[in-house]
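Undergrad: The whole structure should be built from the sequences, with the hints applied where relevant.
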Amino acid sequence: MMRNWIALPLAAALTLAACGDNEADEADAEAGEGMSGTDMATAMADAPMPRPGQYRSTQELLELDIPGAPEQVLNMMRGAFEEGAQAENTYCITEEEAANSRQEMLEGMAESDCTVERFDVSGGTIDGMMSCPTGDGVTGDLAMTGTMSEEGADMVMTFDAEVPQMGKANIRMRVVSERIGECS
Numbered sequence: 001m002m003r004n005w006i007a008l009p010l011a012a013a014l015t016l017a018a019c020g021d022n023e024a025d026e027a028d029a030e031a032g033e034g035m036s037g038t039d040m041a042t043a044m045a046d047a048p049m050p051r052p053g054q055y056r057s058t059q060e061l062l063e064l065d066i067p068g069a070p071e072q073v074l075n076m077m078r079g080a081f082e083e084g085a086q087a088e089n090t091y092c093i094t095e096e097e098a099a100n101s102r103q104e105m106l107e108g109m110a111e112s113d114c115t116v117e118r119f120d121v122s123g124g125t126i127d128g129m130m131s132c133p134t135g136d137g138v139t140g141d142l143a144m145t146g147t148m149s150e151e152g153a154d155m156v157m158t159f160d161a162e163v164p165q166m167g168k169a170n171i172r173m174r175v176v177s178e179r180i181g182e183c184s
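Quick note: the sequence shown uses our numbering, first residue 1, plus one each step.
These are calculated hints, taken from the structure and not from any lab test.
The calculated DMTMM-like cross-link candidates involving lysine to aspartate or glutamate, where the alpha carbons are at most 25 Å apart (straight line), are: (1) LYS168 / GLU117; (2) LYS168 / ASP65; (3) LYS168 / GLU71.
TA: Take a look at the structure:
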C-alpha cells in the first residue's frame, strides 16, 4: 500500500467510509452539496509534490473524548493508539509514486462516501473539511489543517461525530511525515 506525506493523513479519513458511488458523488456536487472532483483538482493544482525518497511518519493523539464511554475503555483506546504511534513507520516513495500521488489522493477522495465541504491548498498549507458516514446512520466531520512541502507534511486532523445515546465524540491527532533520505 503506497503511503505518502499527504495521503497518509487523508487515508485515516477515507478508511472511515466505504467505497462510494461516483454517480452519486457527481449528483451531490451538481446539487450544491460538497465539492466536485474538478474543484478538488483545481485546489490541488499548485500543491507541492513529494520528492522521491525515504520518509518517516509519526502520529500523536492530541485529544480523545467520547462522552459516556467508561474511563477503562478510553484508556484502552489511548494505549492502543500510543502503541501503534511508537512503532517506526518508514516508507519509500518512488519516482512513479511521487508523480502519481496527487491523482491517487483525488481518486481516493472521489471514491469515498465522504462529502468534501471545503478543500483549500495554497501557499504550502492545507485546510479541508469532509463529512463521512461511519455506519448506523452516524455521520462524522473530519477537519484537516496543516502544512506541506516537497519534503513532508504536518497535519492536524479532528474527527467529530454525534454518537447515539452518548453525545459528541471528538478525536484529534497530529500526523507528521518527513523525508529522511534516499530509499534504501
